[in-house]
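Put chain B on the given structure of chain A with help from the hints.
Residue numbers (our numbering), protein chains in the order written: chain A, 6 to 198; chain B, 6 to 198.
To be clear, the hints were calculated from the coordinates, so they are not data collected in a lab.
Glycine included, every Cβ here is placed at the ideal spot set by N, Cα and C.
There may be inaccurate statements among the hints.
As the list claims (entries may be wrong) - Using C-beta positions, here's what the derived DEER-type ranges look like:
| id | chain 1 | residue 1 | chain 2 | residue 2 | range |
| --- | --- | --- | --- | --- | --- |
| 1 | B | GLU152 | A | GLY183 | 53 to 59 Å |
| 2 | B | ARG161 | A | ASP75 | 34 to 40 Å |
| 3 | B | ASP151 | A | GLY128 | 56 to 62 Å |
| 4 | A | ASP155 | B | ASP147 | 45 to 51 Å |
What the hints assert, rightly or not - Lysine-lysine pairs mimicking DSSO-like chemistry, simulated, CA-CA at most 27 Å apart:
| id | chain 1 | residue 1 | chain 2 | residue 2 |
| --- | --- | --- | --- | --- |
| 5 | B | LYS38 | A | LYS56 |
| 6 | B | LYS82 | A | LYS83 |
| 7 | A | LYS56 | B | LYS89 |
2 protein chains.
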Amino acid sequence: MRELIAYASSFDNEKRNGGFMMNYGIAIFPSKKIQDEANALRKRYDPQYTKIPPHVTLKSAFTMDEVTRDQVIQELKKIANDTKPFTIHISKVSSFAPVTHTIYFKVEPIPELTILFDKMHSGIFPDNNEYSFVPHITLAQDLMEDEYSDVYSSLRMKEVDLNDTVDRFQLCYQLEDGSWTVYESFVFGQEVT
Amino acid sequence: MRELIAYASSFDNEKRNGGFMMNYGIAIFPSKKIQDEANALRKRYDPQYTKIPPHVTLKSAFTMDEVTRDQVIQELKKIANDTKPFTIHISKVSSFAPVTHTIYFKVEPIPELTILFDKMHSGIFPDNNEYSFVPHITLAQDLMEDEYSDVYSSLRMKEVDLNDTVDRFQLCYQLEDGSWTVYESFVFGQEVT
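Chain A extracted, bound-state conformation (with noise of 0.2 Å):
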């Protein structure tokens, strides 16, 4: 999540009306086999690798405070209920060169991702992206000129073909390291609301 921290509006820890601040987001954790492949790779080429699980990042960081939340956590157990398990495909590494050096599994843009993206930007929550919905899992981030040059010929060519069951997605929350906590899963179907 960490690539859109810098648009959320106004970090910070102090009381509001609401209680306190928080940086919050929102994330597709995929199941142990693609986390495993993929932080075979974030090890090396990831600063990132220690602050967060592998993940497919929904909503990228947005502050909010609690009585914000309590309602935004309403809001996402009724997205969860009306959403059915549905099955991502992940068939290669790509890059977002030139815009950034971060490499990634593309995960195949399917409609029930964008759905959960869309509802996740509109209604209450803050519509805090600033560019179009490229699902995704990070691999590698921060490089510099060469190595990301090297890494990413190589990466390329890898034969990638994963496919995982989504049944599920966590609100998460960031300590003051930069690392993330879950706060909340919200499993399809499964939600009291």
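Same frame as chain A, now just chain B:
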């Protein structure tokens, strides 16, 4: 959750009748404030700092397949629904010496915590605890004798007075690199069973 990983009965990834065996654990993640306090110390003194956020272990690492996991989740939902939010209190830094050199925030062992622990070590749950339950948040471990003495003699004098409301626990699974990912959160009184 690391100190007890060694007791997990048989951690492997081979496919059994019920699917892949994975390593699971159950923990309470305290509020950001307490996590930040703990991480300021863990960053320097705990090699597990990057593997899992600060936590109170309710059930240390155990293995199960996917079929058992789904049964365990049903049971955890019942346990969560039978639990009311409660307050934990941290009033000092303590140590497991001479058993281990682990230094931790001592969490007062109130009945609410002990009841959760007991429920997660009986019935369908494997009874994988070897010691009696001492609720704590690890701050330092695996220190050399000299460093341990220095750190502990300094930290034991620290004035600590932290309170937190607990209204959920989380089921986590372990990746190959030893890090933990949250699989599901269980919010007290909020689960569909």
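Right, here's what the structure says about each hint:
1. B/GLU152 <-> A/GLY183: 53 to 59 Å: With a Cβ separation near 26 Å, B/GLU152 and A/GLY183 fall outside 53 to 59 Å, so the hint is violated.
2. B/ARG161 <-> A/ASP75: 34 to 40 Å: holds (38 Å)
3. B/ASP151 <-> A/GLY128: 56 to 62 Å: Given a distance of about 57 Å, which is inside 56 to 62 Å, the answer is holds.
4. A/ASP155 <-> B/ASP147: 45 to 51 Å: Violated, at about 35 Å.
5. B/LYS38 <-> A/LYS56: holds (17 Å)
6. B/LYS82 <-> A/LYS83: holds (19 Å)
7. A/LYS56 <-> B/LYS89: violated (31 Å)
Violated hints, listed in ascending order, are 1, 4, 7; each of the other numbered hints is respected by the structure.
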